[in-house]
Amino acid sequence: MAISRGLARRTVPEAADIISTVEFNHTGELLATGDKGGRVVIFQREPESKNAPHSQGEYDVYSTFQSHEPEFDYLKSLEIEEKINKIKWLPQQNAAHSLLSTNDKTIKLWKITERDKRPEGYNLKDEEGKLKDLSTVTSLQVPVLKPMDLMVEVSPRRVFANGHTYHINSISVNSDCETYMSADDLRINLWHLAITDRSFNIVDIKPANMEDLTEVITASEFHPHHCNLFVYSSSKGSLRLCDMRAAALCDKHSKLFEEPEDPSNRSFFSEIISSVSDVKFSHSGRYMLTRDYLTVKVWDLNMEARPIETYQVHDYLRSKLCSLYENDCIFDKFECAWNGSDSVIMTGAYNNFFRMFDRNTKRDVTLEASRESSKPRAVLKPRRVCVGGKRRRDDISVDSLDFTKKILHTAWHPAENIIAIAATNNLYIFQDKVNSEMH
Amino acid sequence: MPFQDGPAGAPRSGALEGSEGRMFARGLKRKSSEDAEDADGGVAGLPAAPSYTLQRQSLLDMSLVKLQLCHMLVEPNLCRSVLIANTVRQIQEEMTQDGTWRVVAPQAAGRAPLDRLVSTEILCRSGREQEGEGDCPLPDPAPGQAPRRPQSSPWGLDGSREGRGGFQKSLDHIFETLENKTPGSVEELFSDVDSSYYDLDAVLTGMVGGAPTGPGLPAFAPTAAAPPSSTCRSDLGELEHTVEILVET
Numbered sequence: 001m002a003i004s005r006g007l008a009r010r011t012v013p014e015a016a017d018i019i020s021t022v023e024f025n026h027t028g029e030l031l032a033t034g035d036k037g038g039r040v041v042i043f044q045r046e047p048e049s050k051n052a053p054h055s056q057g058e059y060d061v062y063s064t065f066q067s068h069e070p071e072f073d074y075l076k077s078l079e080i081e082e083k084i085n086k087i088k089w090l091p092q093q094n095a096a097h098s099l100l101s102t103n104d105k106t107i108k109l110w111k112i113t114e115r116d117k118r119p120e121g122y123n124l125k126d127e128e129g130k131l132k133d134l135s136t137v138t139s140l141q142v143p144v145l146k147p148m149d150l151m152v153e154v155s156p157r158r159v160f161a162n163g164h165t166y167h168i169n170s171i172s173v174n175s176d177c178e179t180y181m182s183a184d185d186l187r188i189n190l191w192h193l194a195i196t197d198r199s200f201n202i203v204d205i206k207p208a209n210m211e212d213l214t215e216v217i218t219a220s221e222f223h224p225h226h227c228n229l230f231v232y233s234s235s236k237g238s239l240r241l242c243d244m245r246a247a248a249l250c251d252k253h254s255k256l257f258e259e260p261e262d263p264s265n266r267s268f269f270s271e272i273i274s275s276v277s278d279v280k281f282s283h284s285g286r287y288m289l290t291r292d293y294l295t296v297k298v299w300d301l302n303m304e305a306r307p308i309e310t311y312q313v314h315d316y317l318r319s320k321l322c323s324l325y326e327n328d329c330i331f332d333k334f335e336c337a338w339n340g341s342d343s344v345i346m347t348g349a350y351n352n353f354f355r356m357f358d359r360n361t362k363r364d365v366t367l368e369a370s371r372e373s374s375k376p377r378a379v380l381k382p383r384r385v386c387v388g389g390k391r392r393r394d395d396i397s398v399d400s401l402d403f404t405k406k407i408l409h410t411a412w413h414p415a416e417n418i419i420a421i422a423a424t425n426n427l428y429i430f431q432d433k434v435n436s437e438m439h
Numbered sequence: 001m002p003f004q005d006g007p008a009g010a011p012r013s014g015a016l017e018g019s020e021g022r023m024f025a026r027g028l029k030r031k032s033s034e035d036a037e038d039a040d041g042g043v044a045g046l047p048a049a050p051s052y053t054l055q056r057q058s059l060l061d062m063s064l065v066k067l068q069l070c071h072m073l074v075e076p077n078l079c080r081s082v083l084i085a086n087t088v089r090q091i092q093e094e095m096t097q098d099g100t101w102r103v104v105a106p107q108a109a110g111r112a113p114l115d116r117l118v119s120t121e122i123l124c125r126s127g128r129e130q131e132g133e134g135d136c137p138l139p140d141p142a143p144g145q146a147p148r149r150p151q152s153s154p155w156g157l158d159g160s161r162e163g164r165g166g167f168q169k170s171l172d173h174i175f176e177t178l179e180n181k182t183p184g185s186v187e188e189l190f191s192d193v194d195s196s197y198y199d200l201d202a203v204l205t206g207m208v209g210g211a212p213t214g215p216g217l218p219a220f221a222p223t224a225a226a227p228p229s230s231t232c233r234s235d236l237g238e239l240e241h242t243v244e245i246l247v248e249t
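Chains as they are written, first to last, in UniProt numbering: chain A, 1 to 439; chain B, 1 to 249.
If you're looking for bench data, these hints aren't it; they were derived computationally from the structure.
Ideal Cβ placement from N, Cα and C applies to all residues, glycine included.
Please note: incorrect hints may appear among the correct ones.
[Claimed, not checked] Cβ pair distances, simulated, as ranges:
no.: 1; chain 1: B; residue 1: 97; chain 2: A; residue 2: 397; range: 36 to 46 Å
no.: 2; chain 1: B; residue 1: 53; chain 2: A; residue 2: 255; range: 52 to 62 Å
no.: 3; chain 1: A; residue 1: 72; chain 2: B; residue 2: 51; range: 20 to 30 Å
[Claimed, not checked] Over 10 Å on every C-beta distance to chain B, these chain A residues come out as not near it, computed from the model:
no.: 4; residue: 76
no.: 5; residue: 325
no.: 6; residue: 382
no.: 7; residue: 393
no.: 8; residue: 432
[Stated by the list, open to error] Negatives, chain B to chain A, calculated, CB over 10 Å:
no.: 9; residue: 51
no.: 10; residue: 53
no.: 11; residue: 83
no.: 12; residue: 87
no.: 13; residue: 96
no.: 14; residue: 97
no.: 15; residue: 98
no.: 16; residue: 99
no.: 17; residue: 100
no.: 18; residue: 101
Just chain A, same shape as in the assembly (with noise of 0.2 Å):
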């Protein structure tokens, strides 16, 4: 893939610089990012130019404000972060821009403008604003309209609060565009876009009892075009696709999509690895792709008892899965998309690579977003990992991986081969201008 543009954020990494979410809107115009801080970013592809061959349709900042900010929560003496875990963009439905934003407890809805006209030739106050006097008009004028810099607004236009009692993980904007649901670690609610002041209880999964907590909700979906269908993973593996029109709770599946474990793979770390980080319908709306610590899995909706296709990631971690549950690395949740024809899969991992697995061909390849390997106009160069064996020249070795560099959020553009890769405070954006060769 050739390398756009690589954006950085800061020089120096600060740790509310931290890219928390991507997301392309649905015509892949617009890019937003969300991080720790609280901040959103919005970026604009600009149009391809004949006069300019080269910029071939680059992402330039459009926009940044501040969604959410820290709280306190006083009743139980904790801090609310205000780092944003998800952004989805609402289908655009007139001139405006709109996209859902949420941190832990609060989901805010933004809606996002441009001025580039501003009127002109008022009668009783001059270009600054200021009242005239009266004395001097002597004849009446019709404003008119006339052209000015681009402005962006952004405005605050509704607040979702205190629907969640636990940290919120997902968001995601019905087919019917009129709702959306929102999921914490025990329950999904349902909302409606206009109405801030209730939301319905779709999934609890909260025991009567605490102490027999054993699986909390880790990701939930709509489906891309069923609006009374949508699906929720859990810590232990499981996906749940619910049917809204079955009851008003829908605490009972309609479908039940589990593996069962491999017996000669077991160990004390068998759940932890086995619990599901991002869940993502395919364009089609026909398969689901989940990811687990160590691999990405394809479901069909038609079969409940395996997925169709395992990809492995980074399966020469299953022997070091001690050292990463000691660092905590083993509960990193990684993300996962879809290309826009559904025929190719990308999810990232550690030391800054990301991978890709082309459905059809079965081939692969790891590509690392990383400055010093990546200049703009540059291909990007397939990395490999040696796990022992022959080690080829420019091979990573498994012990020298660096695992503070993992890269959780990526984004596939819903039509072209472009793709946004989150690298802890930087942004990378590879588009593909010829068909690159798969490993």
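Mind docking chain B on chain A? Use the hints.
Frame of chain A, contents of chain B only:
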């Protein structure tokens, strides 16, 4: 961050799995041979592979430490806590089947004496004025931060034997709680500490935002690693401390 996979660097075979029905991960991190002098008994020259029981006990100890940590300003990750608690239960179940449940072979890590670990946690709980000692000497670095003790391993055959009694008592208390689901009494150990603090299930309950469980001290749910964002903001810390004092009878 290198991972030591064994003296020869080769992946170990699954010696601890299979026919016995035991489960343990392969390739456990072990002390390097320089630390072997700290080891007590049975280690000479190259460290021998720690026994399965030792490793399992170490995993249990590590998990318990992960669960009961210093107060956080931010509510901890429930998913992580549940997964760790499930791991503890798995180990406990296996140890119960083994009949090794009551075997006391605590493997203290090669760091500060364990009674200091426990007492430091009490210091953490009792207030912010002891900020200097309030940092828990935890072995587990936050994700994204470099490990504080990259090489010393909890698998070490022995750390300090001092203070082991105190820690083992509190571990026992947690095990009892797991079995009997009744809050054990630790009053004989720590009279001013809320006993439910060491109650594993109550810890889980506390994590999900229950009301303060004991007189005065809010049930801050402890987690192993400080998320990078939870810098102790002193103004909020003071406010919280003030609220604590006001709430205390």
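Inset, instruction - Enumerate the violated hints, using their earlier numbering and listing them in ascending order. - result: Numbers 2, 3, 4, 5, 11 and 12, in rising order.
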